[in-house]
Amino acid sequence: EVQLVESGGGLVQPGRSLRLSCAASGFTFDDYAMHWVRQGPGKGLEWVSGISWNTGSLGYADSVKGRFTISRDNAKKFLFLQMNSVKPEDTALYYCARDEGYQVGAIQHWGQGTLVIVSS
Amino acid sequence: DIQMTQSPSSLSASVGDRVTITCRASQDISNYLAWYQQKPGKAPKSLIYAASSLQSGVPSKFSGSGFGTDFSLTISGLQPEDSATYYCQHYKSYPQTFGQGTKLEIK
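Quick note, the sequences are listed as chains A and B, same order.
Using the working numbering, you'd call the opening residue of the first sequence number 8 and step up by one each time.
Using the working numbering, you'd call the opening residue of the second sequence number 10 and step up by one each time.
Excised from the complex, chain B in its bound form (with noise of 0.2 Å):
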């Protein structure tokens, strides 16, 4: 199975500020590579599919990159609301997997 790889797990930021979660593929997935956001209480939210490709409707501040093993989320000018925990997925094989999570904190 492919494992998926997070860092950091967790991490505070600062109103305004730009952060970006890296999220690593234990074998090459191409760009089979999903991003969600997930906030206490609440179910998943999808963001970015095909390693950097936005869902309809997922503000232009939030941009994937990557492409192999090696994959990135970045935030700009980070809010109150982006306050979230992040996973990362694979999609290339069954069984796909997620990452462990990346917990933000907004300070």
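Only chain A is shown next, with the shape it has when bound in the complex (with noise of 0.2 Å):
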């Protein structure tokens, strides 16, 4: 069964950092792209970042673009999104998510979100 656990949400200030991770059991991790989406409160769905399975391809939205950073560990079957500069229009629950490849397309599982409260 494939199961995508996330952690490291939170209260934080603006400007500040924050690091969410992702662990993943279940699935030959490397053979597929992971996805970060997020869910203001009251919102709809937001596409944040995704990654293919070896790195070699990377997307960010807009919103986050210059101030987040996706990456993995193939080994540790771990992925991650480093916040920077955060805003408060960065509250939202964040999903991490497994695609239905290895190249970053559409996804097929979900995790149940970490929260994150950008708030001074």
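Keep in mind the hints are simulated off the structure, nothing from the lab.
Mixed in with the good hints, there may be bad ones.
Quick list of in silico lysine-lysine cross-link-like pairs, DSS-like style, CA-CA up to 30 Å [as the list claims (entries may be wrong)]:
#1 Lys50/A - Lys48/B
#2 Lys83/A - Lys116/B
#3 Lys50/A - Lys70/B
#4 Lys116/B - Lys50/A
#5 Lys50/A - Lys112/B
#6 Lys94/A - Lys51/B
#7 Lys54/B - Lys84/A
#8 Lys72/A - Lys54/B
#9 Lys101/B - Lys50/A
#10 Lys83/A - Lys54/B
#11 Lys112/B - Lys84/A
#12 Lys72/A - Lys51/B
#13 Lys70/B - Lys94/A
#14 Lys94/A - Lys54/B
#15 Lys101/B - Lys84/A
#16 Lys112/B - Lys83/A
#17 Lys112/B - Lys94/A
#18 Lys94/A - Lys48/B
#19 Lys84/A - Lys48/B
#20 Lys50/A - Lys54/B
#21 Lys72/A - Lys101/B
Not the full set, but computed from the structure, chain A residues with beta-carbon under 10 Å of chain B [to be verified]:
#22 Leu52
#23 Gly66
#24 Ala68
#25 Asp69
#26 Lys72
#27 Gly73
#28 Asp106
#29 Glu107
#30 Gly112
#31 His116
#32 Trp117
#33 Gly118
Predicted, not measured: the structure shown is a model, and the values here were computed from it.
Even for Gly, the Cβ is constructed at its ideal location relative to N, Cα and C.
Fit chain to chain and form the complex, with the hints in mind.
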């Protein structure tokens, strides 16, 4: 069974940094691309970032480009999102998600999310 | 960036009905289109990829169609558990973007 467990969320002040992690299990991690998707309070889904199986292809939403960095550790089966210079509008539930293939494409499996609150 | 526009924003239907949700892309995305279902307080669930291919385990009451800029999700034989918000998403290029969502209520 595919399991994706996010961690690292919490309360952070504007302008500070936070690192989200996602522990993957139940599948061959380095066979799949991965994503981060967020959902602000009462809002719809927003794709944040995606990374191919070998980190050869990376993509970001315009709203986070230059501030967030996605990465992965295939040996340890972890996905990360380094969030720098956070803003109040980054407040959201952040989902880790697995792609259906090795390049960044459609999402097939979702984690339960980790909540990030940006406030002073 | 490619914008995705869903319609309607919300709809109400009865048990047993069939409904169709549409999704329009601001430019040609071929068939790089996925659909997701999200129930209140839950993580999204993947329904369809490549515009019309069902994810494993998704019942055949869900079907998708379309190519280029116009797509649709049809749900037949509505049941109370189909009450949810449905999102389309393109993955033709970076950045991927979601539609604003369609909230389906079962009367």
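The hints, checked one at a time:
| no. | hint | result |
| --- | --- | --- |
| 1 | Lys50/A - Lys48/B | holds (13 Å) |
| 2 | Lys83/A - Lys116/B | violated (47 Å) |
| 3 | Lys50/A - Lys70/B | holds (27 Å) |
| 4 | Lys116/B - Lys50/A | holds (23 Å) |
| 5 | Lys50/A - Lys112/B | holds (12 Å) |
| 6 | Lys94/A - Lys51/B | holds (25 Å) |
| 7 | Lys54/B - Lys84/A | holds (22 Å) |
| 8 | Lys72/A - Lys54/B | holds (26 Å) |
| 9 | Lys101/B - Lys50/A | holds (23 Å) |
| 10 | Lys83/A - Lys54/B | holds (26 Å) |
| 11 | Lys112/B - Lys84/A | violated (35 Å) |
| 12 | Lys72/A - Lys51/B | holds (27 Å) |
| 13 | Lys70/B - Lys94/A | violated (41 Å) |
| 14 | Lys94/A - Lys54/B | holds (28 Å) |
| 15 | Lys101/B - Lys84/A | holds (26 Å) |
| 16 | Lys112/B - Lys83/A | violated (39 Å) |
| 17 | Lys112/B - Lys94/A | holds (29 Å) |
| 18 | Lys94/A - Lys48/B | holds (28 Å) |
| 19 | Lys84/A - Lys48/B | holds (28 Å) |
| 20 | Lys50/A - Lys54/B | holds (17 Å) |
| 21 | Lys72/A - Lys101/B | holds (18 Å) |
| 22 | Leu52 | holds (5 Å) |
| 23 | Gly66 | holds (3 Å) |
| 24 | Ala68 | holds (5 Å) |
| 25 | Asp69 | holds (6 Å) |
| 26 | Lys72 | holds (8 Å) |
| 27 | Gly73 | violated (13 Å) |
| 28 | Asp106 | holds (9 Å) |
| 29 | Glu107 | holds (6 Å) |
| 30 | Gly112 | holds (5 Å) |
| 31 | His116 | holds (7 Å) |
| 32 | Trp117 | holds (4 Å) |
| 33 | Gly118 | holds (7 Å) |
Hints 2, 11, 13, 16 and 27 from the earlier list are contradicted by this structure; the remaining hints agree with it.
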